[in-house]
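Asks: Sequence:
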Amino acid sequence: MEKLVCIFGTGSGIGSELFGRFRKDPNAKALGFSRSGKLPLDSLTFQNTHSLDLTNESQLDTFQNFLKTFFIDQVFGGNNFFDSSKDRKINRHLVVYFSQGNGCFSQISDINRKNVREHFELNLFSSLFLCQILSEYLPIFERSSFIFLGSTAGNIGFPNSSVYCASKHGVLGIARSLREEWKPFGTKVVHVGLGAVATEIWKDRPEFAISDMISTKDCAEYLFSLSEISDSVFLNEVSITPKKGIL
Numbered sequence: 001m002e003k004l005v006c007i008f009g010t011g012s013g014i015g016s017e018l019f020g021r022f023r024k025d026p027n028a029k030a031l032g033f034s035r036s037g038k039l040p041l042d043s044l045t046f047q048n049t050h051s052l053d054l055t056n057e058s059q060l061d062t063f064q065n066f067l068k069t070f071f072i073d074q075v076f077g078g079n080n081f082f083d084s085s086k087d088r089k090i091n092r093h094l095v096v097y098f099s100q101g102n103g104c105f106s107q108i109s110d111i112n113r114k115n116v117r118e119h120f121e122l123n124l125f126s127s128l129f130l131c132q133i134l135s136e137y138l139p140i141f142e143r144s145s146f147i148f149l150g151s152t153a154g155n156i157g158f159p160n161s162s163v164y165c166a167s168k169h170g171v172l173g174i175a176r177s178l179r180e181e182w183k184p185f186g187t188k189v190v191h192v193g194l195g196a197v198a199t200e201i202w203k204d205r206p207e208f209a210i211s212d213m214i215s216t217k218d219c220a221e222y223l224f225s226l227s228e229i230s231d232s233v234f235l236n237e238v239s240i241t242p243k244k245g246i247l
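Our numbering applies: residue 1 is where the sequence shown begins, and numbers increase by one.
Where hints are given, some of them may not hold.
To be verified - Here are the computed lysine-lysine pairs in the DSS-like style, where the Cα-Cα straight-line distance is at most 30 angstroms:
1. 217 <-> 244
2. 38 <-> 217
3. 3 <-> 29
4. 217 <-> 3
These are computed hints drawn from the structure, not numbers from a lab.
Generate coordinates for the entire structure from the input sequences, incorporating the hints supplied.
Replies: Right under this line is the structure:
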């Protein structure tokens, strides 16, 4: 079955590697999104990245409108499935990855309120709003999978990380809730609790050695495999760590 893949956060790190991996998959057509995307939203094209600021509400509205037009024209063959019988489905697998996010690390006494709001808009609220936008397609696709790139910080606490831990706990909450809400559609909702992956999030934290972390390429390969799980297997929550475990 052909996979239609949307990856949010393809500007660097895991998202960039993951997008590159799907471009090599002959059974996949991928759309990438980040602030640094190469094409504008009015030029949606498979196998390309597109400019989208997930913290900008007007851009989210624009994305919603262009995505519907694009799907009708390029995926549904000109058929408006939104006006069709609910029993009609398209034989495609919609796969969505949420890899957007940044770090926010400091003692609670030193947090900046503006930075906290921006962090939550990107790390948490954007995923919630994107799920709202994409939810209307669930009855149309034969299969659908939503994969949230969370963190071990979504299950446990770390010092000097209250803001980051709070946002990652929130991501886990969204995944757990939607897993129940979307059961009637057979949608797979997977939360991946990532241990330390060698991304830019660590560049200002010299106390952690990049050499001890999972490479972005290896992480992307694992995440890619989640799009190929058998129909009968519903993987809910997994955790992956580097060799040394939680750093």
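Asks: Does each hint hold? Answer for all of them.
Replies: Right, here's what the structure says about each hint:
{"no.": "1", "hint": "217 <-> 244", "verdict": "holds (18 angstroms)"}
{"no.": "2", "hint": "38 <-> 217", "verdict": "holds (21 angstroms)"}
{"no.": "3", "hint": "3 <-> 29", "verdict": "holds (6 angstroms)"}
{"no.": "4", "hint": "217 <-> 3", "verdict": "holds (21 angstroms)"}
In summary, this structure violates none of the numbered hints.
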